[in-house]
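Peer 1: Take these sequences, add in the hints, and give me the full structure.
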Amino acid sequence: MKYLHQNHRKRMRERFIATDGAGFVDHELLELLLFSAIPRINTNPIAHDLLSDNGSISEVLSADTDTLKETKGIGNSSARLISLMSEACKRYKKSSGSKVRFSSHEELTEYICSILSGCTESLCMIISLNGNMELVHSETIPLTDLLYSKDSTKKLYTIILKDTDNRFISVICRPERLPLPSSGDHKITKEICDIANALKIEYLDSMIFGRGKLFSMRNEGAFGFPKISPNE
Amino acid sequence: MNNPIHNIENPIPMDNLTDKELLTELLSYTSCKDPKKLSELLFDSFTSISAIAASDKHLLQTIPELTEDALIMIKLIPVFSSRTNTIRRNGIKLNTSEKAKDFFRSVLENQLTENFIAVAVNDKFAVKSVMNCVSGTAGGVVSSCREIVSFALNCGTEKLFIAHSHTINSLKPSAEDIVATRSLMTALRPLNITLIDHIITNDSGAVSMRELSGIDLFDKEPDCGYIYEPAAKYLQKIPDTL
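Protein chains in written order, with the numbering used here: chain A, 1 to 232; chain B, 1001 to 1242.
By construction, these hints were calculated from the structure, which means they are not laboratory data. Glycine residues also receive a C-beta, built at the ideal position from the N, C-alpha and C atoms. Careful, some of the hints might be misleading.
To be verified - Partial selection, computed: residues in chain B whose CB lies under 8 Å from chain A:
id : residue
1  : Glu1040
2  : Phe1043
3  : Asp1044
4  : His1058
5  : Pro1078
What the hints assert, rightly or not - Calculated lysine to aspartate or glutamate pairs in the EDC-like style (CA-CA distance at most 16 Å, straight line):
id : chain 1 : residue 1 : chain 2 : residue 2
6  : B       : Lys1036   : B       : Asp1056
7  : B       : Lys1057   : A       : Glu107
8  : A       : Lys90     : B       : Asp1019
9  : B       : Lys1075   : A       : Asp194
10 : A       : Lys90     : B       : Glu1021
11 : A       : Lys94     : B       : Asp1019
12 : B       : Lys1057   : A       : Asp64
13 : B       : Lys1057   : A       : Glu87
As the list claims (entries may be wrong) - Quick list of the computed label-pair ranges, beta carbon to beta carbon:
id : chain 1 : residue 1 : chain 2 : residue 2 : range
14 : A       : Tyr148    : B       : Ser1031   : 30 to 38 Å
15 : A       : Ala198    : B       : Leu1153   : 49 to 57 Å
16 : A       : Gly184    : B       : Ser1183   : 49 to 57 Å
Peer 2: Here is the structure:
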């Protein structure tokens, strides 16, 4: 029984990671959250009880710890976890309203360096920006997929098409190499450029990141990108 | 929970936790070895809770200190956020179709995918409880039927609204919208729960399916005093563009 339950938790975690939570109904999300606080007991009935005792997932997350502990199976630790998640959601919603805005190319490159500083794998990141140079969305694809997968073009189209009203940049990340453009980088940049032209979306820059440094093709006037003026 | 950072008996009040401390305490429930160090690393890179939670999972997975369950904990934040709402419920009454349309437009605005919501109201049409359903197509109404019925029963309501957002320009109910609504009505009727209306929204406006003629959907469903533009005023077929 223990083995079956462990497999159930493992499958549920894998499904969540693979789907980003899409298709998870409310009680499954609570069940998954409670895995972390209740390591050995089946949390599925507890999740159902939380919803039936409180009415909805909104009300579970807005309930105080004393109310939560009235549900069988919820103790101090799990009640605290639910409250922490509720607080995290509030702060997430609050700070989601204020987008990151880049006033200069330098600010953008600093941001990219900071988020890629801990990266240990080779990947390509597409960053979507709106007309106010605010960050709208970013998504990554492993570099091996981009170079060798038959579906690479389709994947790029899918990512770029998510924000068709915006403009975007691409960043090729190779953490262990200096950011010098290779023939592979040119190939990827050309493919992205072709897609941007086909979709009539503005392709702002192609960057390469490696060993903590960033190379901007636009900055260097490479690949047909207009060179950045001193005032930008 | 491998790294109990917090004192369960005397927990720090939520308001007193910084964002970093909040994330550290959340991560202490996971298997990561040093939640405080990981939290600092994440904030150094992404600067805010929203940026961390919204960041691409492939990027997060490249951080060696981030375990699988820590990744899940972080990615649960935006998922739970999309399922909960901060809709002010006190004093909101959906006793007219205009109020219902305004309400659901504000709740469902700026949706990138079709989102679906169910709202239970009391006898005076005051909002009692709100449920966000799995986002997707209106076909999700069918798959969420059990969830909606369960929600309505849990709330002890006799009156229910549902609404979903269209990502396309048209507000015209699709055949799927109509079939799904009819299925839900059939499921609720034996429980004496009335589906008052099904509102469809998009960026340009909202429509009430009860008001639209030509569907024959709500004609046998009591209105319970709900005020809407009588169908007799709209004797034309559902327009192709709305």
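Peer 1: Taking the hints in turn, state whether each one holds.
Peer 2: Hint check:
1. For Glu1040(B), the interface hint is violated, since its Cβ never comes within 8 Å of a Cβ in chain A; the closest pair sits about 11 Å apart.
2. Checking Phe1043(B) against chain A: minimum C-beta separation of about 10 Å lies over 8 Å; hint violated.
3. Look at Asp1044(B): its Cβ gets to within about 7 Å of chain A, closer than 8 Å, so that hint holds up.
4. Because the smallest distance between the Cβ of His1058(B) and any Cβ of chain A comes to about 4 Å, under 8 Å, the interface hint for this residue holds.
5. Restraint check, Pro1078(B) versus chain A: the minimum CB separation of about 6 Å is within 8 Å; hint holds.
6. Annotation: proposed proximity of Lys1036(B) to Asp1056(B) is violated, straight-line Cα distance about 21 Å (limit 16 Å).
7. Between Lys1057(B) and Glu107(A) the CA atoms are separated by roughly 23 Å; this puts the pair beyond 16 Å, and the hint is violated.
8. Taking the CA atoms of Lys90(A) and Asp1019(B), the gap is about 11 Å. The hint holds against a cut of 16 Å.
9. At most 16 Å may separate the alpha-carbon atoms for a hinted pair to count; Lys1075(B) and Asp194(A) exceed this at roughly 33 Å.
10. With a C-alpha separation of about 15 Å, the suggested pair Lys90(A) and Glu1021(B) falls inside the 16 Å cut-off, and the hint holds.
11. Only pairs whose Cα atoms come within 16 Å are accepted, and Lys94(A) paired with Asp1019(B) is accepted, the gap being roughly 12 Å.
12. With a C-alpha separation of about 31 Å, the suggested pair Lys1057(B) and Asp64(A) falls outside the 16 Å cut-off, and the hint is violated.
13. Distance check on the hinted pair: Lys1057(B) and Glu87(A) sit about 22 Å apart at the alpha-carbon level, beyond 16 Å; violated.
14. Between Tyr148(A) and Ser1031(B) the beta carbons are some 33 Å apart, a value that agrees with the proposed interval 30 to 38 Å.
15. Checked against the given bound of 49 to 57 Å, the beta carbons of Ala198(A) and Leu1153(B), roughly 51 Å apart, stay inside it.
16. At about 52 Å, the CB distance of Gly184(A) to Ser1183(B) agrees with the hint of 49 to 57 Å.
The earlier numbered hints that this structure contradicts are 1, 2, 6, 7, 9, 12, 13.
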